[in-house]
Amino acid sequence: MDEGALMKRLLVVASCAALLLGVALPAGAQEIVVTVEDLLDSPEEYSVSRVPEIVVHGELIGDFGQRPDGVVWAQLNGDAYAMAPLLAGGELAGPNLGIGVRIPADLWPELADLAEAGGYRLRGPLVRLTGAWRYHDPARGGESYLDVTGIEVYGEPALLEDRAGWLPFALGVFLLCAAAALALATRRREQEH
Amino acid sequence: MLIRPSGEDLRIIGFYLGRIFYVVAAFTGLPLLWALGGREWAPASSFVLTIGAFALIAAAATARPPREKALDWSHGMVVVALTWLVVPAVGSLPLALSGHLANPLDAYFDAMSGLTTTGLSLVQDLDHLAPSLNFWRHLLHFLGGQGIIIAALSLFAGGAGLTLYYGEAREERILPSVTSTARFIWGVSLVHLIFGVAALGAIAHYVLGFSPIRSLFHGLMIFFAGFDTGGFAPQSTSVGYYHSAVFEAGAAVLMVAGAMSFGLHFALWRGPRRADTLRNLETRTIISTFSFCLIVVFIGLATLGLYDGVLGLTRKGLFHVLSAHTGTGFSTVPSSELAAWGGLSFVGIALAMALGGMASSTAGGVKSLRVGLTLKFLKDQIKEVLLPENAVVSQAYHQSGRKRLTPKVSQAVMLVSLLYVAMFLIGGAVGMAYGYPLQDALFESVSAGANVGLSVGITDPGMPALLEVTYLLEMWLGRLEFVAVFSLVGFLLSWMRGR
Chain A
407 MDEGALMKRL
417 LVVASCAALL
427 LGVALPAGAQ
437 EIVVTVEDLL
447 DSPEEYSVSR
457 VPEIVVHGEL
467 IGDFGQRPDG
477 VVWAQLNGDA
487 YAMAPLLAGG
497 ELAGPNLGIG
507 VRIPADLWPE
517 LADLAEAGGY
527 RLRGPLVRLT
537 GAWRYHDPAR
547 GGESYLDVTG
557 IEVYGEPALL
567 EDRAGWLPFA
577 LGVFLLCAAA
587 ALALATRRRE
597 QEH
Chain B
174 MLIRPSGEDL
184 RIIGFYLGRI
194 FYVVAAFTGL
204 PLLWALGGRE
214 WAPASSFVLT
224 IGAFALIAAA
234 ATARPPREKA
244 LDWSHGMVVV
254 ALTWLVVPAV
264 GSLPLALSGH
274 LANPLDAYFD
284 AMSGLTTTGL
294 SLVQDLDHLA
304 PSLNFWRHLL
314 HFLGGQGIII
324 AALSLFAGGA
334 GLTLYYGEAR
344 EERILPSVTS
354 TARFIWGVSL
364 VHLIFGVAAL
374 GAIAHYVLGF
384 SPIRSLFHGL
394 MIFFAGFDTG
404 GFAPQSTSVG
414 YYHSAVFEAG
424 AAVLMVAGAM
434 SFGLHFALWR
444 GPRRADTLRN
454 LETRTIISTF
464 SFCLIVVFIG
474 LATLGLYDGV
484 LGLTRKGLFH
494 VLSAHTGTGF
504 STVPSSELAA
514 WGGLSFVGIA
524 LAMALGGMAS
534 STAGGVKSLR
544 VGLTLKFLKD
554 QIKEVLLPEN
564 AVVSQAYHQS
574 GRKRLTPKVS
584 QAVMLVSLLY
594 VAMFLIGGAV
604 GMAYGYPLQD
614 ALFESVSAGA
624 NVGLSVGITD
634 PGMPALLEVT
644 YLLEMWLGRL
654 EFVAVFSLVG
664 FLLSWMRGR
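Chains as they are written, first to last, in this note's numbering: chain A, 407 to 599; chain B, 174 to 672.
Since the hints were derived computationally from the structure, they do not count as laboratory data. Source: prediction; values computed, not measured. All residues carry an ideal CB built from backbone N, CA and C; glycine is no exception. Be aware that one or more of the hints could be misleading.
Beta-carbon label-pair distances, calculated as ranges [what the hints assert, rightly or not]:
id, chain 1, residue 1, chain 2, residue 2, range
1, A, 516, B, 516, 46 to 52 Å
2, B, 566, A, 448, 54 to 60 Å
3, B, 240, A, 490, 58 to 64 Å
4, B, 367, A, 544, 34 to 40 Å
5, B, 515, A, 451, 30 to 36 Å
6, A, 456, B, 552, 49 to 55 Å
7, B, 668, A, 451, 55 to 61 Å
8, A, 559, B, 635, 30 to 36 Å
9, A, 559, B, 665, 55 to 61 Å
10, A, 598, B, 245, 27 to 33 Å
11, A, 544, B, 277, 44 to 50 Å
12, B, 588, A, 450, 53 to 59 Å
Excised from the complex, chain B in its bound form (with noise of 0.2 Å):
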């Protein structure tokens, strides 16, 4: 029999989503700075919008605060499913004003492709698009990548904050307690920020000649887009808008620091343990499949003729690769040449897109440590099959740590793996029904699932509506790798149904 959510249930949950939303608001804050300082004036009266209807939701969500029950795990995974759905509804206000957007859901469609770090976009006239706008959807990624719920467990916690922490599909806790991991989380990330941008920057001004104030823009936006995993890029014609391998090796440095679990960040940070990272099972597996892709890539380059030499190859399979595998989405080359990677370059792209990059990290996809369980789990299998009946299999693995694949452990590294397939699987038959080719179809839809960005041009500003719902509902049940969005589903019910 289900249960009924109470008025108390409910203000637990208003009361967390309120105080998320406040959060959300400061941020806001940014973007109206930086349009006030450009007097982008259409855009800082936008932002305003934005930030007193955070604001307002806030305010009335906290309005009647619980008194008794403290927050239990249905409530978090809840806040977190609702946070998702509603931080890219109210935050396509901005771009739905700009113009450049076709529709409102075109607006939500690309405020929700930002927060989920996917990248996909419906922009029309990006090269015009004003500078704060254009931060704005890189500061979506930044605050998904790192996780709003983190930004707000940084700022207020309490024992609250480990289910919210687990909702988003965070698995480890780096440091005893939850809000000193997401402080930990932030302070990575700033530290990064400060090198990335000023990296790339100086890319920027030095190698490719642009003026100072553009080097600092373009290198912050790149940043955020490259570190998160994201996939926007300031120019329509993304990467390749820098025509430089240098400024490529910078974003590609940022996207393997983005897709890296920041339990790996923490180890590495804390010397001792270096070499034991190298021998966990996560980061063996995301090395294995990495070069996997990257030689199917090559092969299937080199089998289509598509570039005469061996740099050109190598340069462009190598960065596709890494921009896929880490879920970023940034690309060199226009969707219609992307379109034209057939054979095993499409395969080779594709499984790299689905395997994503690392749990804990800001990449989407299946992650690698669900990968090498399951090959784990399927090995093991395979052993017990052939070997003799009393003998013992180690079901063993190192991941920081001497750790035991338990079945419980296989079936939710299973279930989860398989709901991802058949998520893109639904995805591409939509796409199929749509009349696009199975190869483009099935391409778009792990690009939307896993999070990743690339694209061979079906996200398009003409695609069809139901088409763009279902990629944005890949892109929200990617995200948060389902759970959080299940138990969203059975509290409506409960909600419905229940007595």
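Same shape as in the complex, but just chain A (with noise of 0.2 Å):
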């Protein structure tokens, strides 16, 4: 075989090579991004004994839990309430979608500064969290939650507007009134018996 048919074969081979490295590297570190229902719904599916490091968004909600081990807890909602809270004029859409997550506190140190997760009044702020979900983790009595390794806020937490509701204030005021009224007349009747 001479120099150039050699050279054409080592280049079909390596281009054959790369090809299949170009596909099979991508599918390694190609994001697997999951909601918090497939979570809940599939969890061992999901596990990071198959499945290192999956992709989750959602709202962080209710506390931030700043343990003495350096790690922060709190709660991953994945759900409607997320994008389209009920005190903004957001549809009820079932009950809450949430999960556990484990955050490292030096992964994020701005968290240091945020009072509380969503709640009240409050959207909590919308984050996109990478990390590896311990399903039933044995190092922690058997609890599922996301570990962390990655954090990315896309969207700043939200006051929302509570609106006094004067109608039924002022019934409430009626109501009572009547039953002070109702109630001054029987014991002047008691008393005339």
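Could you fit the two chains together into a complex? Lean on the hints.
Below is the structure:
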């Protein structure tokens, strides 16, 4: 075989190898984006023993539990209320869908500035979390949670407005006045008897 | 022949109902203060409306006080049954106005679940619910668990208290008078409240790292739900939210305290009778049934292979059996995962829920004393068959002293136990009629009827209305242990058909 033919063959082999690597490498590094609902419905499927890393979006809700061991525990909700809170005119969309997340404190230093995660009148920070889904972690007594390795905040916490309901208030005051009048009338009648 | 109730009967019932509603109106002032303090204006206005509604009903009911007759047994039972129907109806107003429930029936379901210390919930987006509304839901647990009637009896009573006290499914008078018993029960509860909230709040702050105010909030909510064996939680993931074995242990202590009868609390407070309580049939029964259910669940979970380590299996199994047997309904796993607990683990949890806690406690279910007496009765029957004809089988048992299991007591115990079983089966059949699998339908029915609150996901805002009403009735019947409800039905029949 002459040198040109050998080179041509080597080039073909190298191209095939590059193509194979090109297909295989991104597959390994490809982000597996799942929803909180997926994790609740098929928790075992995304377990760290099967999928090393997943990406989940949602709203951080409740409390930031800053533990002595340098991690912060919070709840990540992946339901419709994250994008359309009820106080902002959002529709009812069923119960919340939430998972526990464990975030190393040094991964998100700005966390210390946030007093609370989402709750009443507060839409919590919207985050894109990367991490390992530890399903029934034996090291933590069978708990399931996302062990966070990367965090990206794509929505700052937002204050929501609570409007006073004047009609129930006025009706309530009216009922109280009516009750007081009735009770007084009863008492007067009893005293007369 | 049925005798139609007289106007005087109605006035007596109205008078006592009215006095109870005044007490509930006063309690509703607490979440109003919370809402005002937290500048939660919308919930505050709904609490003003609720107080107004309670006060007006109370004023109207007491407008014609009775002149002659005293409150008798049937009046007391009707008062209790109506109280437990009307209080959740009015008490559901803040929930209905919150926008977190799809319709008034869902709000009524949640209020009934709160008051009966069941813990099943239809609240949507719970994680954004106003703290004052969360406080109201948990306060309903406290009112229901300690007994609204008990609350009212602590403040007013006289000779009328006894029938109301028994009507609320309480069987033992701890102190000579009902009023002093009621005050003792509230005293025990307030002491537990102080220590319970302090302990849970300290864990939340120092172990979980929550802010001081949020620690206090979580401590208070979990105390109400744990000690009153209710099962509501301030976050959608229940006790699983805390990711802490220490916090779970704190909640477990409260659940156990809640499932203990107030008679046992009294005995433990008064040192000399402590050893005696361990000899009680009820204490021995609950220890035996709890151990049995725990072993069954452990075997079931090990067979399913859901948890890799012994620690995980033990922690999840123990917490859920405790939660089920005490009738609390806290969970540390999602309902979808609980639904996967098939086979023996399902049997163990369902059995624990059905058996329930001690009589005269805040727990629901058949109750350990009835279970113990039923088993004793069956054992005696077998002995009588096996022993020679002239042999005498002892029918004595120990429960705060030596007592005799008479045929009348046996019949009453067996009847109520059978009624519970029938209720669980009917609820399960309704669930199955809507296409839910047998296991899930039975689990949810037992959970509602035994006032537990663990769910495999059937209790959902999208559930059929008839099934919702079925669970609602189960919660009401289970909490009042049938007698007061049957009295109300009898009273209504007499009113309609009597002469």
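The hints, checked one at a time:
1. A:516 <-> B:516: 46 to 52 Å: Check passed, 48 Å falls within 46 to 52 Å.
2. B:566 <-> A:448: 54 to 60 Å: The hinted range 54 to 60 Å holds for residue 566 (chain B) and residue 448 (chain A), with Cβ atoms some 57 Å apart.
3. B:240 <-> A:490: 58 to 64 Å: 59 Å, holds
4. B:367 <-> A:544: 34 to 40 Å: 37 Å, holds
5. B:515 <-> A:451: 30 to 36 Å: 19 Å, violated
6. A:456 <-> B:552: 49 to 55 Å: 52 Å, holds
7. B:668 <-> A:451: 55 to 61 Å: 59 Å, holds
8. A:559 <-> B:635: 30 to 36 Å: At 33 Å between Cβs, range holds.
9. A:559 <-> B:665: 55 to 61 Å: With a Cβ separation near 60 Å, residue 559 (chain A) and residue 665 (chain B) satisfy 55 to 61 Å, so the hint holds.
10. A:598 <-> B:245: 27 to 33 Å: Given range 27 to 33 Å: holds, Cβ gap about 28 Å.
11. A:544 <-> B:277: 44 to 50 Å: 46 Å, holds
12. B:588 <-> A:450: 53 to 59 Å: Taking Cβ atoms as reference, residue 588 (chain B) and residue 450 (chain A) lie about 46 Å apart, which means the hint is violated.
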